[in-house]
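Protein sequence lines correspond, in order, to chains C and Y. Sequential numbering of the first sequence, starting at 1, is according to our numbering. Sequential numbering of the second sequence, starting at 1, is according to our numbering.
Keep in mind that the hints were calculated from the coordinates and are not lab data. Possibly wrong hints are sitting among the right ones.
[To be verified] Chain C side only, calculated, beta carbon under 8 Å to chain Y, not exhaustive:
id : residue
1  : 10
2  : 17
3  : 180
4  : 270
5  : 282
[To be verified] Derived DSSO-like pairs (lysine-lysine); straight-line CA-CA distance at most 30 Å:
id : chain 1 : residue 1 : chain 2 : residue 2
6  : Y       : 136       : C       : 8
7  : Y       : 136       : Y       : 112
8  : Y       : 137       : C       : 212
9  : Y       : 112       : Y       : 137
10 : C       : 8         : Y       : 137
11 : Y       : 136       : Y       : 116
We treat Cβ as the ideally placed atom computed from N, Cα and C, and that holds for glycine.
Given next are the chains, with one letter for each unit.
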Amino acid sequence: MSVDAPDKLNAQIAGLDALEIQVKAKRNIPAAIWGRLWPMLLAVSIVLAIWEAVVLAGFWPEYVFAGPVTALGELGNRLGEGEFWHAVATTMRRAVSGFLLAILVGVAIGAAVSRIKLLRAAFGSLITGLQTMPSIAWFPLAILLFGLTENAITFVVVLGAAPSIANGLITGVDYTPPILLRAGHVLGLRRISLYRHLILPASLPSFLAGLKQGWAFAWRSLMAGEILVIIANQPSLGEQLHYARELADSARLLATMIIILLIGIVVDVLFGAADNALRRRWGLDQRIG
Amino acid sequence: MTAPTQELGHGRTEGPAPAVRLDAVSKVYGRGATSLLALDQVSLSAAQGEFVCLLGASGCGKSTMLNLVAGLDRPTTGTIETGGRQIAMMFQEPALFPWLTVTGNIELALRKLDRKRRRERAAELLDVVHLGGFAKKRPHELSGGMRQRVSLARALAQEADVLLMDEPFGALDAMTRDLLHDELERIWRERNLAILFVTHNVREAVRLGDRVVLLSSRPGKVIEDYPVDLERPRRTESAEVAGLAGEITVRLKEEVSRHAGKSRPETEAGNVG
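Model the full structure from these sequences, guided by the hints.
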């Protein structure tokens, strides 16, 4: 029987480790950005071309359906107007405060429902059901309850976003991998330490997905709300849409819509970046190459 | 066949009370007509510093037994004594927390120490498993064998006297497994651990164990307790290991063929011959 000396064993282990560690290829960042950018630019130009073609086809007069050149020109003008920035600021303030409130409510509900069996049985399916409720259907009630005030808007934004956030948390807690729960038990994690060290971190990806979906619902509810609930001397993006239609100012209407779309895309990209960072840290990304 | 309640292992390990002692332990899953008897009157003990391999085909309740000793589950009848010893466990999966670094995973087992001691202790343990250079990596950046060593370091961090291992090297390639056998043997000796090591690999059991305990399947029962009187260090590919492994394999195959023709699991608790 041959006996390996300890340092020979060490060398074998170190050699095997060195071979098995993946070598990361350096990425060319400008090339990577360009690689993602050009398909988007292509898509935008196709949309603009179709838009222009429809305008040129002449189904509608220019004041009803403005072309991209007019609309984008109007958009450029508006970027220089104080009222426009005031409107964006009001809308974003409502969006952020409504969303934060929705997070508080969603986390409170999610935590309670995931911990307490009776609440789960009673409210679990109701929370999922609430997600399917179109938020605009809440507005008549909200206006009755709160009048034409910002509270009515906030109420509907929270109702729209909170169920998704609560559901994200509940799903995350439910799907904590059983093998990690067993390992945690052996490591002596119980009750509070179990939540702190295991269940909450394990539920993070699902919670983040809930936040992202919650934001999408909040943003939609907010736009519906701003068109329906118009408050004097408080310009907002929804309100501007409303008045652009009343004044048959097609270019202004389309320019505002583009802004709303852009804000939605930017926030979505932020959530996507957070999600990607998390996946990379945890090794959940399955990208090849 | 050996009587099910016979005490095993006492002939070989004289002296102090065993580190782990299972006394007529049975485990039934479910109730009534659909219940399944996983373990039937298993009695087994391991002394401090003894390496016991539990060997059996599928359905022999090996993992169930470890879960019971670890306190992840309760026996239906019978008692398990560990004399208040600290028990650590390793699984076939590394079961590392992906949101923590390698160090973070080990420090989780060292929560009772202050920050500085925790850091030092984790670094020491990483050196023990030859991963000193990988403290800041995350589990997914390591190979399977390396993750399993982190898992071993985490188990050692618990300062346990008893280490339960549930097919810890089952998913590794042969060369990595071979190296980890040497590692484990060294650590076991240095720390005088009592190890219960579950495997379905006969040679691995003979390579590592002071004793190889053979279990029957459905329900799990101790049917044979082989002392392994081969000199250490042993090599998996040596003739001595192969010889005893061959003998045990014959017995294991006999046990497996007893189940020929039973295409479905037994559903009643009492009907085992």
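Each hint tested on the structure:
1. Because the beta carbon of residue 10 of chain C sits about 6 Å from the nearest beta carbon in chain Y, less than 8 Å, this interface hint is met.
2. Interface restraint check for residue 17 of chain C: the shortest CB-CB distance to chain Y comes to about 6 Å, inside 8 Å, so the restraint holds.
3. Interface hint status for residue 180 of chain C: upheld, as the beta-carbon distance to the closest one in chain Y is roughly 6 Å, under 8 Å.
4. A least Cβ separation of about 21 Å between residue 270 of chain C and chain Y goes past the 8 Å threshold, and the interface hint is therefore violated.
5. With 8 Å as the threshold, the beta carbon of residue 282 of chain C comes within range of chain Y, its nearest partner Cβ sitting at about 4 Å, so the hint holds.
6. Between residue 136 of chain Y and residue 8 of chain C the alpha-carbon distance is near 26 Å, which keeps this suggested pair within the 30 Å criterion.
7. Taking the CA atoms of residue 136 of chain Y and residue 112 of chain Y, the gap is near 21 Å; set against the 30 Å cutoff, the hint holds.
8. Under the criterion of a C-alpha separation no larger than 30 Å, the hint pairing residue 137 of chain Y with residue 212 of chain C is consistent with the structure, at around 29 Å.
9. Annotation: proposed proximity of residue 112 of chain Y to residue 137 of chain Y holds, straight-line Cα distance about 23 Å (limit 30 Å).
10. Between residue 8 of chain C and residue 137 of chain Y the CA atoms are separated by roughly 25 Å; this keeps the pair inside 30 Å, and the hint holds.
11. Using a Cα cut-off of 30 Å, the hinted pair residue 136 of chain Y and residue 116 of chain Y holds, with the two alpha carbons roughly 16 Å apart.
Consistency note: the structure conflicts with earlier hint 4 alone.
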